[in-house]
Amino acid sequence: MNAETLAALGEPNRLRIVELLRAGPRPVNDIRGRLGLRQSQVSQHLKVLKDVGLVEIEPRAQQRFYRLRARPLKQLHKWLDRYRHIWEERFEQLDEIVEELKGKEKSDAAGKDK
Amino acid sequence: MKNETIVERTADRELVVRRTFNGPAHVVFDAWTKPELLKRWWAPKSFGVTLFECESDLRVGGTYRYAFGRDPGKPEVFSGRYLEVRPPSRLVLTQLYERMRDAGEAIVTATFEESQGRTLLVLHQLFPSKEALEGALAFGMENGMRVTLDQLDELVAASQHTA
Chain A
1 MNAETLAALG EPNRLRIVEL LRAGPRPVND IRGRLGLRQS QVSQHLKVLK DVGLVEIEPR
61 AQQRFYRLRA RPLKQLHKWL DRYRHIWEER FEQLDEIVEE LKGKEKSDAA GKDK
Chain B
115 MKNETIVERT ADRELVVRRT FNGPAHVVFD AWTKPELLKR WWAPKSFGVT LFECESDLRV
175 GGTYRYAFGR DPGKPEVFSG RYLEVRPPSR LVLTQLYERM RDAGEAIVTA TFEESQGRTL
235 LVLHQLFPSK EALEGALAFG MENGMRVTLD QLDELVAASQ HTA
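Protein chains in written order, with our numbering: chain A, 1 to 114; chain B, 115 to 277.
No wet-lab data here; the hints were simulated from the structure.
Mimicking EDC-like on lysine to aspartate or glutamate, the simulated pairs with C-alpha atoms at most 20 Å apart in a straight line are:
hint: 1; chain 1: B; residue 1: K153; chain 2: A; residue 2: E88
hint: 2; chain 1: A; residue 1: K102; chain 2: B; residue 2: E228
hint: 3; chain 1: B; residue 1: K148; chain 2: B; residue 2: D171
hint: 4; chain 1: B; residue 1: K148; chain 2: A; residue 2: E89
hint: 5; chain 1: B; residue 1: K153; chain 2: A; residue 2: E89
hint: 6; chain 1: B; residue 1: K116; chain 2: A; residue 2: D81
hint: 7; chain 1: A; residue 1: K106; chain 2: B; residue 2: D144
hint: 8; chain 1: B; residue 1: K148; chain 2: B; residue 2: E198
hint: 9; chain 1: B; residue 1: K153; chain 2: A; residue 2: E99
Kindly generate the complete structure, drawing on both the sequences and the hints.
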């Protein structure tokens with residue numbers, strides 16, 4: 001998942017197209033009809049989605065069906081999880097400091113006992 | 115054994131992060147508030163970022179400033195002031211991400227709850243808006259991210275079916 005892909009999804013009609021395609025592959029006419037958009041708009045949006053790899057074309061008889069590609073969406077999941085990873089990594093670094101401070105307190109206390 | 119980090123979105127503009135540390139609260143509180151210690155852990159190393167500057171005037175009304183990033187000439191800055199300072203159990207502060215100044219300040223509440231020598235840290239982050247929260251999640255990403263998390267969640271769920 002890169003910035004281009006996210007930007008492609010940032011356009012509301014393109015996101016509607018992606019959501020529509022979740023149910024399965026559809027031809028352009030069907031997408032146009034369901035979303036109430038002009039043919040040229042739909043074609044334009046599909047081109048953008050195809051360019052970033054979010055959809056692919058599947059020829060069926062005389063029609064071209066558009067199908068969602070799973071891979072970029074899986075990458076999205078990773079991106080969402082990243083925020084947690086940032087904290088996880090910080091906390092692991094913090095663990096080391098906690099251990100160090102604990103050790104220091106112990107040796108300070110031992111020093112006082114002498 | 116690794117302690118689990120839990121991140122939950124509890125409301126449109128609220129994120130909660132939880133994590134237990136194997137040490138007493140005053141130690142975790144110090145690591146959380148002393149600049150010389152913060153400099154050693156706050157920046158996630160694998161992202162290639164460093165905390166260049168860290169100033170903290172730890173008292174109610176006192177201010178803090180973290181400057182971090184890859185290039186010291188072009189730092190990202192978090193700044194704010196302390197609203198509550200109660201060592202070692204509670205810290206409330208405002209937080210402004212200076213690059214997104216217009217988004218407004220978040221209110222961050224950190225509680226440190228000690229039990230049997232271990233400390234549960236709960237970090238509540240209340241963002242000024244839903245968009246600001248999503249901006250924080252998109253941390254490090256290019257701007258222009260307008261897909262809401264709900265939509266992303268749905269898309270992720272969808273990807274399980276289309277796999």
